[in-house]
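Asks: Letter by letter, the chains look like this.
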Amino acid sequence: MTSVLISAIKRLHISITPPLRLYSSNVTVTPANTNLTITRKEWAFQPQYTKPREVWIENLDTVEEQKLGLFELHPSVYAASPRIDIMHQNVIWQRKVRWVSWAHTKTRAEVRGGGRKPWPQKGLGRARHGSIRSPLFRGGGVVHGPRSGKSHFFMLPFYTRILGLTTTISAKLAQDDLHVVKDLELPTDEPGYLEELIEKRNWGPSVLIVDDTDYAPRNITAALDNLPHVNIMPVYGLNVYSMLKHDTLVLTIAAAEKIEERILRLLHSDTRQQQRAFQLDQV
Amino acid sequence: MATVLRSQCAFARLFVGKTGQILNNAIDLGVKLAPEPQSALLSKNYSNYAHSPFVTKIKKEQYEYEIVKKPPEWTYVERLLPFNTIPAVTPKETYPSGWIPPREEAKNLPFFLPRTKFHDLPIYLHVTYRGMRKISKIKRIEGDIWLLNDEIKKYLKEKNKRYVETRVQEVARFIEVKGDHVNYLIEWAHTKGF
Amino acid sequence: MGSRQIVEKSLSMLRSLPRISLANIRDNPNCKKKSKRGRAQHGGDKHGAGNKGSGQRQNFMRLGYETGNNPFYLRVPQEHYYRGHHLKREYPPFTLLQLQTIIDKDWVDISKPIDIASIIKSGIYTFYPDQKQFGIHLTDEGLDNFSAKINIEVQWASEQVIAAIERNGGVITTAYYDPHSLFLLKNPKKFFESGQAIPRRMIPPPDAIEYYTSAKTRGYLADPEEISKERLKLAQKYGYDLPNIENDPNYNMLCERKDPRQIFYGLQPGWVVNLKDNCILKPKDQDLLQFFNS
Numbered sequence: 001m002t003s004v005l006i007s008a009i010k011r012l013h014i015s016i017t018p019p020l021r022l023y024s025s026n027v028t029v030t031p032a033n034t035n036l037t038i039t040r041k042e043w044a045f046q047p048q049y050t051k052p053r054e055v056w057i058e059n060l061d062t063v064e065e066q067k068l069g070l071f072e073l074h075p076s077v078y079a080a081s082p083r084i085d086i087m088h089q090n091v092i093w094q095r096k097v098r099w100v101s102w103a104h105t106k107t108r109a110e111v112r113g114g115g116r117k118p119w120p121q122k123g124l125g126r127a128r129h130g131s132i133r134s135p136l137f138r139g140g141g142v143v144h145g146p147r148s149g150k151s152h153f154f155m156l157p158f159y160t161r162i163l164g165l166t167t168t169i170s171a172k173l174a175q176d177d178l179h180v181v182k183d184l185e186l187p188t189d190e191p192g193y194l195e196e197l198i199e200k201r202n203w204g205p206s207v208l209i210v211d212d213t214d215y216a217p218r219n220i221t222a223a224l225d226n227l228p229h230v231n232i233m234p235v236y237g238l239n240v241y242s243m244l245k246h247d248t249l250v251l252t253i254a255a256a257e258k259i260e261e262r263i264l265r266l267l268h269s270d271t272r273q274q275q276r277a278f279q280l281d282q283v
Numbered sequence: 001m002a003t004v005l006r007s008q009c010a011f012a013r014l015f016v017g018k019t020g021q022i023l024n025n026a027i028d029l030g031v032k033l034a035p036e037p038q039s040a041l042l043s044k045n046y047s048n049y050a051h052s053p054f055v056t057k058i059k060k061e062q063y064e065y066e067i068v069k070k071p072p073e074w075t076y077v078e079r080l081l082p083f084n085t086i087p088a089v090t091p092k093e094t095y096p097s098g099w100i101p102p103r104e105e106a107k108n109l110p111f112f113l114p115r116t117k118f119h120d121l122p123i124y125l126h127v128t129y130r131g132m133r134k135i136s137k138i139k140r141i142e143g144d145i146w147l148l149n150d151e152i153k154k155y156l157k158e159k160n161k162r163y164v165e166t167r168v169q170e171v172a173r174f175i176e177v178k179g180d181h182v183n184y185l186i187e188w189a190h191t192k193g194f
Numbered sequence: 001m002g003s004r005q006i007v008e009k010s011l012s013m014l015r016s017l018p019r020i021s022l023a024n025i026r027d028n029p030n031c032k033k034k035s036k037r038g039r040a041q042h043g044g045d046k047h048g049a050g051n052k053g054s055g056q057r058q059n060f061m062r063l064g065y066e067t068g069n070n071p072f073y074l075r076v077p078q079e080h081y082y083r084g085h086h087l088k089r090e091y092p093p094f095t096l097l098q099l100q101t102i103i104d105k106d107w108v109d110i111s112k113p114i115d116i117a118s119i120i121k122s123g124i125y126t127f128y129p130d131q132k133q134f135g136i137h138l139t140d141e142g143l144d145n146f147s148a149k150i151n152i153e154v155q156w157a158s159e160q161v162i163a164a165i166e167r168n169g170g171v172i173t174t175a176y177y178d179p180h181s182l183f184l185l186k187n188p189k190k191f192f193e194s195g196q197a198i199p200r201r202m203i204p205p206p207d208a209i210e211y212y213t214s215a216k217t218r219g220y221l222a223d224p225e226e227i228s229k230e231r232l233k234l235a236q237k238y239g240y241d242l243p244n245i246e247n248d249p250n251y252n253m254l255c256e257r258k259d260p261r262q263i264f265y266g267l268q269p270g271w272v273v274n275l276k277d278n279c280i281l282k283p284k285d286q287d288l289l290q291f292f293n294s
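Protein chains in written order, with full-length UniProt numbering: chain A, 1 to 283; chain B, 1 to 194; chain C, 1 to 294.
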């Protein structure tokens, strides 16, 4: 995959510096003939074996796509093995964790009536009964039915949830549904502009834009107000369900770096204190 | 500070006798420091109704204190705070505990076993069915997993002089070997430089 | 592409497959076992409750009842083998091998004195002060390969462990911490965030005073003169040359000790540590200073 990119770059007639590790973070090397920037990164936890991924940095200023540079992404986050089962587990967890079932049935004690023995025990030739609301009767109480206010809260293991995020992001990148954008400055606040842009660039009809902060420039927020299928969210809201629901995922550079930094930090730190909050006491 | 007090109070309990009691948080630790009580904190006996003083107006609502910004003792505080991320191991001449560091040459092989975040090899033993089933599991495999599987089978066959059954799971990136071969596998991984 | 690298292979396979969405993901086959109520002959019928009697009627006999004859728990008299076990202090073991591991892996700084707080911070050792556990018992597993010059403070150590540490030019002290101090040492961050003043450490209870005032066990209340005599005796007993720590460049660090009333290194009782604003509040009032310094 990297060779395809490099041959594409060669066709564009720009020179790339040889793949040496430069020992200062985020060094931008501007080659001679164009104004493209190629960012080589120095992470706190260097990739050991799997090669880092490279993406184009695109713009949102014009409807036409313009490539502003190349950006490196850490393989632990953006090149994880695609695990459909982990994605499924995360989606089910997200659906169930906050859901409360309000279905409710009455037991034989709650159904109105049925306090009196309907007919004598012996002598009638009928079956013996104690109340007309027993579960055997039509109109009687339900035995093991749903009881209102049942929560389905459970916690998926901490690292399963992290793996869900990395797997989904890697799958999006592998299927060309991930785009890294320089910033979210739009020229107008018309929703039509974004619709045209999405149509032109062949992004899926639904787009999820992830920014690193929870406030965004005015134009984009005004435009997205009237577009229900294009949504913007901060990094802390990133989740597997949203990423799978929206066809395309658009990250800003700052958001991509923040996601990388956070996930790498969690994968390399002792999280037992955090996990203790959700550990079960029962054996 | 309390150096003199230490030696005085060490055997204070022996001198008090059987019936005497020195409380663990007694201010003077059982040794009579001064003939007269010096302040309210040291002297009054509130547990006995007959001898406790009447409640008087509290003179000081709040004790005086000073705020020291950027104190020189802050290094001691930082030493107590937990790690942000697990620190990397600085290279040393020897590791007496038996820990073997990974080598750079390992990255040129067609497969790779990255160390865990605690800098150990990802080789584990799973024991189930009351000890009757032992499975050695190699996790987080990167690169060519089938080649790794062939190498491991060959190596373990030599060591055990028997055929060794393995299970390869490509999607989840692990290999399970039937039996307890953890020590052999760790030896093999160290020779490769992982 | 035909790559044999598993991750590259799977990600490049995805490129020719439909877009992964909520509609085409599923869990592994047979991961969810549907538990339904048993019906009919095998699994149903009596549902494991047997025939008639208290079992099927879910009206069970009390635990220990033996259907009338004198039950075991009444027949056998008490034997007080474990009387008072719930009052005894426990010291969960921490081996010299584990200590060497955390030194090798740089999870503990040997250029500073090591105490129970640094060992817990490394993550390799946990203990529970609320379960009558009173600190670290340094054991002798890994004694032969131990080679590190450290200033360590534990709660219990046997003779050969003391010898192993002193042979390498280190210093070992045994110190007592009361349960409240142990909670502070286990999670200092949580304590600092609570905004309380650092309390004083309490003195050992009567049955522990002997251990912590004797030079043989390097107690923190023992006479330093006696301790140096014992160091020499131990070197002669185990047959190694006692290194001269006075000439060591780290002499000051090796001799650093906590005051018997101090819980943390460098921080005195009475201080309030403010983590958010990076400052320390120290009391100025005479009464308070007298109390905390006593």
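Everything labelled a hint here was simulated from the structure, so no lab data went into it.
Do not rely on the hints blindly, as some may be mistaken.
Cβ pair distances, simulated, as ranges [to be verified]:
hint	chain 1	residue 1	chain 2	residue 2	range
1	A	Ser148	C	His42	15 to 23 Å
2	A	Asn231	B	Gly131	49 to 57 Å
3	B	Glu78	A	Gly145	42 to 50 Å
4	A	Gln121	C	Gly68	30 to 38 Å
5	B	Lys178	C	Asp277	36 to 44 Å
6	A	Asp225	C	Gly43	41 to 49 Å
7	C	Leu275	A	Gly145	51 to 59 Å
Since the model is a prediction, treat every value here as computed from it, not as a measurement.
Ideal Cβ placement from N, Cα and C applies to all residues, glycine included.
Asks: Could you check the hint for me, namely that Lys178 (chain B) and Asp277 (chain C) are 36 to 44 Å apart, CB to CB?
Replies: 59 Å, violated
Asks: Asp225 (chain A) and Gly43 (chain C), beta-carbon distance inside 41 to 49 Å?
Replies: 58 Å, violated
Asks: Given a hinted range of 51 to 59 Å, is it respected by the beta-carbon distance of Leu275 (chain C) and Gly145 (chain A)?
Replies: At 52 Å between Cβs, range holds.
Asks: Lying within 49 to 57 Å: is that true of the beta-carbon distance Asn231 (chain A) to Gly131 (chain B)?
Replies: 53 Å, holds
Asks: Please test the hint of 42 to 50 Å on the beta carbon pair from Glu78 (chain B) and Gly145 (chain A).
Replies: 58 Å, violated
Asks: Falls inside 30 to 38 Å, the C-beta gap from Gln121 (chain A) to Gly68 (chain C)?
Replies: 33 Å, holds
Asks: Is the gap between the beta carbons of Ser148 (chain A) and His42 (chain C) within 15 to 23 Å?
Replies: 36 Å, violated
Comparing the model with each earlier hint shows violations of hints 1, 3, 5 and 6; every other hint is respected.
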